[in-house]
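Undergrad: Chains as they are written, first to last, in UniProt numbering: chain A, 1 to 193; chain B, 1 to 193.
Simulated from the structure, these hints should not be mistaken for laboratory data.
All values reported here derive from a predicted model rather than from experimental measurement.
Watch out, some of these pointers could steer you wrong.
[As the list claims (entries may be wrong)] Distance condition first, Cα-Cα at most 30 Å in a straight line; then the derived DSS-like pairs of lysine-lysine:
(1) Lys57(A) <-> Lys193(B)
(2) Lys57(B) <-> Lys188(A)
(3) Lys57(A) <-> Lys98(A)
(4) Lys98(A) <-> Lys193(B)
2 protein chains.
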Amino acid sequence: MDNHVAPVPLEKAYRLINHGPTVLVSARHGGVDNVMAAAWACALDFDPPKLTVILDKQTLTRGLIERSGHFVIQVPTAAQLQLTYEVGNRSRANVPDKLERAGVQWFGVDGHDVPLVAGCSAWLACRLMPEPHMQDTYDLFVGEVVGAWADTRVFANGHWNYEHADPAWRSLHYIAGGQFYAIGASLKADPLK
Amino acid sequence: MDNHVAPVPLEKAYRLINHGPTVLVSARHGGVDNVMAAAWACALDFDPPKLTVILDKQTLTRGLIERSGHFVIQVPTAAQLQLTYEVGNRSRANVPDKLERAGVQWFGVDGHDVPLVAGCSAWLACRLMPEPHMQDTYDLFVGEVVGAWADTRVFANGHWNYEHADPAWRSLHYIAGGQFYAIGASLKADPLK
Numbered sequence: 001m002d003n004h005v006a007p008v009p010l011e012k013a014y015r016l017i018n019h020g021p022t023v024l025v026s027a028r029h030g031g032v033d034n035v036m037a038a039a040w041a042c043a044l045d046f047d048p049p050k051l052t053v054i055l056d057k058q059t060l061t062r063g064l065i066e067r068s069g070h071f072v073i074q075v076p077t078a079a080q081l082q083l084t085y086e087v088g089n090r091s092r093a094n095v096p097d098k099l100e101r102a103g104v105q106w107f108g109v110d111g112h113d114v115p116l117v118a119g120c121s122a123w124l125a126c127r128l129m130p131e132p133h134m135q136d137t138y139d140l141f142v143g144e145v146v147g148a149w150a151d152t153r154v155f156a157n158g159h160w161n162y163e164h165a166d167p168a169w170r171s172l173h174y175i176a177g178g179q180f181y182a183i184g185a186s187l188k189a190d191p192l193k
Numbered sequence: 001m002d003n004h005v006a007p008v009p010l011e012k013a014y015r016l017i018n019h020g021p022t023v024l025v026s027a028r029h030g031g032v033d034n035v036m037a038a039a040w041a042c043a044l045d046f047d048p049p050k051l052t053v054i055l056d057k058q059t060l061t062r063g064l065i066e067r068s069g070h071f072v073i074q075v076p077t078a079a080q081l082q083l084t085y086e087v088g089n090r091s092r093a094n095v096p097d098k099l100e101r102a103g104v105q106w107f108g109v110d111g112h113d114v115p116l117v118a119g120c121s122a123w124l125a126c127r128l129m130p131e132p133h134m135q136d137t138y139d140l141f142v143g144e145v146v147g148a149w150a151d152t153r154v155f156a157n158g159h160w161n162y163e164h165a166d167p168a169w170r171s172l173h174y175i176a177g178g179q180f181y182a183i184g185a186s187l188k189a190d191p192l193k
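Excised from the complex, chain A in its bound form:
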């Protein structure tokens, strides 16, 4: 594991996706590792942390998650703009070398049998909480976060440091047609009076 990757306390894991970034969803089953992009992922609870993610029935990653019961939600960076777009718009079903073409590199974490994408800013290892009706009707999957890590160059002490890190670390927020926004300036509200 990279020297800069550090565990995040589970009760603060929601902060890794609270700002609504587009994420990468990865999973492993039967000797196959895959990853896709998803703009529709969202925190669901604080402690224990949970999240939702929408996974189209046609994606190979969904099948890996249904069979293994585990997945990883990770936060890609502006430096991974092209990787994110490519893994979100090609399927291994049609493009067998999708991962190589996009430049995906994996790493692992002891105690978690899931593939993590190198170079991201944060990772949330999740256990699928089966909700068959929501999965079938809405493609909505619920995960309980069982492990969380972040790159200390952009997230430390429970806080993002986008404003002090290199802009290449900024999160990506997809709109449509290959167009994203990076996260921007920090704004602080006044305390309640």
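Could you slot chain B onto chain A? The hints should help.
TA: Then chain B, alone, in the frame of chain A:
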């Protein structure tokens, strides 16, 4: 209705929240209008457009939605930073003049009996799709978007124009403790080869 507020075609409504902004959730029932902030709202489907939002059992707005079956998801702006923080951190149950203190002003749209918060950048009028198990277990509510509008000064022709609009129009992305990020720079991926 403000001159700058224009309808958004329903098949493009998902783009109004695809970048994961913190939203305001408003509803009306029995002569009461209320609004709260929610960081956990997410697109769920394209056409017909649907979305999810997490609503804590203690919020007054949740009760209005359960009773009326309708609500509005709207995208507040950087100019509404303090308003957003205040309506997310005070309840009318304890602070009866919460809306006046936060400076909330309403407007309406013909054909939709729901209150819209003036000054936002986009509004999605939703019909509650009852999912009792998800509501009870996870506080997760599903809405079908039945009307969508945006301020043409920042969203036009199906696209956000944050990069050309005044920074006061930028969306807010909440982290914790009163700290938000504004949306930032536009980034465009290369077409697939």
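Undergrad: Mind checking the alpha carbons of Lys57(A) and Lys98(A) for me, to see if they're no more than 30 Å apart?
TA: Holds - the C-alpha atoms of Lys98(A) and Lys57(A) are around 19 Å apart, at most 30 Å.
Undergrad: Are the Cα positions of Lys57(A) and Lys193(B) separated by 30 Å at most?
TA: holds (25 Å)
Undergrad: Holds or violated: are the alpha carbons of Lys57(B) and Lys188(A) at most 30 Å from each other?
TA: holds (27 Å)
Undergrad: When you check the alpha-carbon spacing of Lys98(A) and Lys193(B), does it fall within 30 Å?
TA: With a Cα-Cα distance of about 12 Å, the restraint between Lys98(A) and Lys193(B) holds, given a limit of 30 Å.
In this structure, every one of the numbered hints holds.
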